[in-house]
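S.K.: Okay, here's what each chain looks like letter by letter:
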Amino acid sequence: MHAGHYISGAGHLALIGWALFGGMFLPEELPAPVTEVSMISPEDFAALTQGVDAPAIAPEIVEPEAPATEPEADPTPPTPEPEARPEPTPQPVETPAPEAPDAPPQVLPEPVPPAVVQDTPPDPAPQPSEDVAIVLPERTPRPQPRPAERVAPEPIVQPDPTPDTAPEVQPETAPEEAPELPQPEQDSAAPEEATTEIVTEAEQPSGAPERSSRPRTRPERTAAAPETPAPTPTPTPAPTRETPPEPAADPLAAALAEASSGNGTGETERVAAGPPLSRGEREALRLAVQACWVVDVGSQAANVTVVVGMNMNRDGTVAGDIRLLSSEGGDQAAVQTAFQAARRAVLRCQQGGYDLPADKYDQWREIEMTFNPESMRLR
Amino acid sequence: MLTRLLTTVLFALIAALMLAAPARAQSGPLRIEITEGVIEPLPFAVPDFVPEGGTDAASWGARLARVVSEDLVGTGLFRELPSSAYISGITSFSSPVQFADWKAINAQALITGAVTVQGNQLVVKFRIYDVFAGTELGSGLQFVGTTDGWRRMAHKVADQVYARITGEGGYFDSRVVFVSETGPKDDRKKRLAIMDYDGENVQYLTDSSSIVLAPRFSPTGDRVLYTSYETGFPRIYVLDVGSVQRRVLESGQGTMSFAPRFSPDGQTVLFSLTTGNNTDIYAMSVSGGGMTRLTSAPSIETAPSFSPDGSRIVFESDRSGTQQLYIMPVSGGEPQRISFGQGRYGTPVWSPRGDMIAFTKQAQGRFHIGVMRTDGSEERLLTASFLDEGPTWAPNGRVIMFTRETQGANGAASLYSVDISGRNLKRVRTPSGASDPSWGPLQN
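Which chain is which? The protein sequence lines are A and B, in order. Here the numbering used here is used: the first residue of the first sequence is 24, the next is one more, and so on. Here the numbering used here is used: the first residue of the second sequence is 249, the next is one more, and so on.
Everything labelled a hint here was simulated from the structure, so no lab data went into it. One or more hints might be untrue.
Stated by the list, open to error - Listed next, the in silico DMTMM-like pairs over lysine to aspartate or glutamate satisfying Cα-Cα at most 25 Å (straight line):
| id | chain 1 | residue 1 | chain 2 | residue 2 |
| --- | --- | --- | --- | --- |
| 1 | B | K351 | A | D344 |
| 2 | B | K437 | B | D396 |
| 3 | B | K437 | B | E416 |
| 4 | B | K351 | A | D338 |
| 5 | B | K351 | B | D396 |
| 6 | B | K351 | A | D382 |
Said to hold, decoys possible - Computed from the model, here is a short list of chain B residues facing chain A with C-beta under 8 Å:
| id | residue |
| --- | --- |
| 7 | L290 |
| 8 | L325 |
| 9 | L329 |
| 10 | S331 |
| 11 | I353 |
| 12 | F380 |
| 13 | A381 |
| 14 | V392 |
| 15 | T394 |
| 16 | D396 |
| 17 | G397 |
| 18 | D434 |
| 19 | K437 |
| 20 | N644 |
| 21 | D667 |
| 22 | I668 |
Stated by the list, open to error - Taking CB as the label site, the calculated pair distances span:
| id | chain 1 | residue 1 | chain 2 | residue 2 | range |
| --- | --- | --- | --- | --- | --- |
| 23 | B | Q390 | A | E351 | 54 to 62 Å |
| 24 | A | D378 | B | R585 | 52 to 60 Å |
| 25 | B | S336 | A | T340 | 33 to 41 Å |
| 26 | B | R601 | A | D378 | 54 to 62 Å |
| 27 | B | Y334 | A | A342 | 47 to 55 Å |
| 28 | B | L389 | A | A356 | 17 to 25 Å |
| 29 | B | S336 | A | E351 | 53 to 61 Å |
| 30 | A | D378 | B | R314 | 52 to 60 Å |
| 31 | B | Q691 | A | D378 | 48 to 56 Å |
| 32 | B | Q612 | A | G343 | 34 to 42 Å |
For every residue, glycine included, the Cβ atom is placed at its ideal position computed from N, Cα and C.
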């Protein structure tokens, strides 16, 4: 009897639900596979052509003139000091302050992320701590990895912590130590330490992916969590409609963006026109900046995570100053040092401008970068 | 049951609708998270300081710039760009800097200076520029000193550069007291000596007539505590660095006292005292008297070191059967063991920052210098060799100096330094063998 009721009830519900919302579900499933096609949709194409047309005429003509005289002069224009620079310099120092007023509008979206951040932390926080607890005992025995000695003989190449960038770093450090150590004894001694270092460095990156990967899954869950468990399959397809590329590229950023959109909808008019950046495009920007981000792992600044904001020119260069939006950990001096390192990274690696798609300028006209050294720290 | 099922399904459908709404409104700035940076020295340029008058001003300018460069490069955190790479030089201290020229050779920091010589007096001015920001870092400074102390003036410039770029205090204008060792292993002569942090300007404080051990700087760098076997058994002496006058710290007849260390205020001395077969930790006033006993276990307690706030001490003890590290309040109380790894731990030293403790560790036939948090967590070994021991902290808590002794009949002791990240291990230049370093404070 009950079975009959359940079956008929479920059947009716399914029918009614399908009749009411079927219109929604059908399109949802279609876009999912077709999302990639939408990237090259007519809108994209139109944007592409527009983007090409506009810059081709105006900006590109303007630029050639400046480079012709002095290629390096482009970055300098912001400092059109007359003659006495020592005195003018204090002014640029003060200029960041006046820009603080600019920040508030952007600070608005921030207060929102905190709200979400507060939600998420409880989940990730406990687990990291568990991880740390496990990792610590493992690290104390580190010295045991004597096997490292076999590796040591040649490279003092321990700076390998970052597999990607290591090749660049090592060549630079090695040449330095060579001139510094005229005494052969040092060389004989150094490799031993280098071995212990290799171990420590090697272990850190391994820890990094664990932590970073978890948060990625979180945003999706938290989005669905408040809702009931059973229908979770249905809600997820819904968001995929419009934000499929983002969760793929960086779920955390996507989650933050979602959160901010809740209160900061006013900004939608200003930004967010055109198709979002593809995963590859975001990744390229990330790699370009991190190649110039120098972290002093032994310093207090290595305990600080900073978020910096910047406005971009169409040519991919930073417009105006880079602002410190928020920070986490460390005292004021450490925060300042961490901010300077982040700022230097962005400025130093921009060269003639970051390689960003001109047709999606509205998507990256304003950028917020989080510099989190946690995975590099020696803990 | 049915109603619950119905409610559940309906709720889910409604929730799905609500979820879809905010997802559509995607907006705001592009957000990127960067978690992997690079570890590399920061490139800087320090052209020879501009001569602004006086005899040999140009020569002084070049020498000052070299020392500044050696200090910075020696940290492992900076890399100097050779002058052959310069596109434009610095010919005037006050004229504007052509940032584009320095940016082109990837100099991130530029240090300019000027020197004036008046008799035996040097006037040194300098400025630091953040090349990629096109601004000056801080404001220019000027030091006045004698030609004799020219290296100290260069160290002071380097300390300023280090502090402004890293945000942490420097340690270049500091001195180290140590035991100078000469002669073969079976007849080694030991003398107290003092030198600049980089091994320059060595001066001897005692002769080699008796064995001296473990000198320790006072917090202000004006006095040194050390242990001497002058009377045949160990006793603690206080030596005034300026006058080289010394006096014994009386601890009672028939006792052996050793391993002294100053309190952060320089008024109290912690030390070990052996009476009969038992060694414990005591405190007494530097002026003598007021001796109080801090530990009272039948085991051996020694090598005490104060926390920077003077409220706690860390020391080594074999009360558990093996030599381990313990922390206890100065006011007394039960010591808490903080070291739990394999092997034996000794000579703990509290960092000036207060967050770490450096120690010597012996395990599986090798010695290590390591650091751990004050609760014993995050232990990290920085070195490994036949014999490493006796760590001492740089004034900024960033670098550790220690003794390394080589194996064999011709084995000798020398001083090494290492960054607390485990990088930049290097030997400190000393004219002869050296051991037992104690790093003094930044000088005024």
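S.K.: Holds or violated: B/K437 and B/E416, Cα atoms, limit 25 Å.
M.R.: Not OK: B/K437 and B/E416 at ~39 Å, beyond 25 Å, violated.
S.K.: Verify the interface restraint on B/L290: the C-beta must sit less than 8 Å from at least one C-beta of chain A.
M.R.: With Cβ-Cβ at 6 Å, under 8 Å, it holds.
S.K.: Holds or violated: B/N644 as interface residue toward chain A, Cβ cutoff 8 Å?
M.R.: Where the cut-off is 8 Å and the nearest Cβ of chain A is about 10 Å from B/N644, the hint is violated.
S.K.: Please check whether B/A381 passes as an interface residue: C-beta within 8 Å of a C-beta belonging to chain A.
M.R.: holds (7 Å)
S.K.: Minimum Cβ distance from B/L325 to chain A below 8 Å?
M.R.: For B/L325, the interface hint holds, since the closest Cβ of chain A sits about 6 Å away, which is under 8 Å.
S.K.: For the restraint on B/V392, tell me whether the closest CB of chain A is nearer than 8 Å.
M.R.: Because about 20 Å separates B/V392 from the closest Cβ in chain A, which is outside the 8 Å limit, the hint is violated.
S.K.: Mind checking the CB of B/D434 against every CB in chain A and telling me if the closest is under 8 Å?
M.R.: Violated, about 22 Å.
S.K.: Take the C-beta atom of B/S336 and the C-beta atom of A/E351, compute their distance, and say whether it sits inside 53 to 61 Å.
M.R.: violated (41 Å)
S.K.: Minimum Cβ distance from B/D396 to chain A below 8 Å?
M.R.: Constraint on B/D396 not satisfied, violated at 27 Å.
S.K.: Let me know if the C-beta of B/G397 comes in closer than 8 Å to any C-beta of chain A, holds or violated.
M.R.: violated (25 Å)
S.K.: For the hint on B/I668, does the least C-beta distance to chain A fall short of 8 Å?
M.R.: Nearest chain A Cβ about 5 Å off; hint holds.
S.K.: Given a hint of 54 to 62 Å, does the C-beta separation of B/Q390 and A/E351 actually sit inside it?
M.R.: Hint violated: Cβ distance 38 Å, outside 54 to 62 Å.
Of the numbered hints stated above, those contradicted by the structure are hints 2, 3, 5, 6, 9, 10, 11, 14, 15, 16, 17, 18, 19, 20, 23, 25, 26, 27, 29, 30, 32, listed in ascending order.
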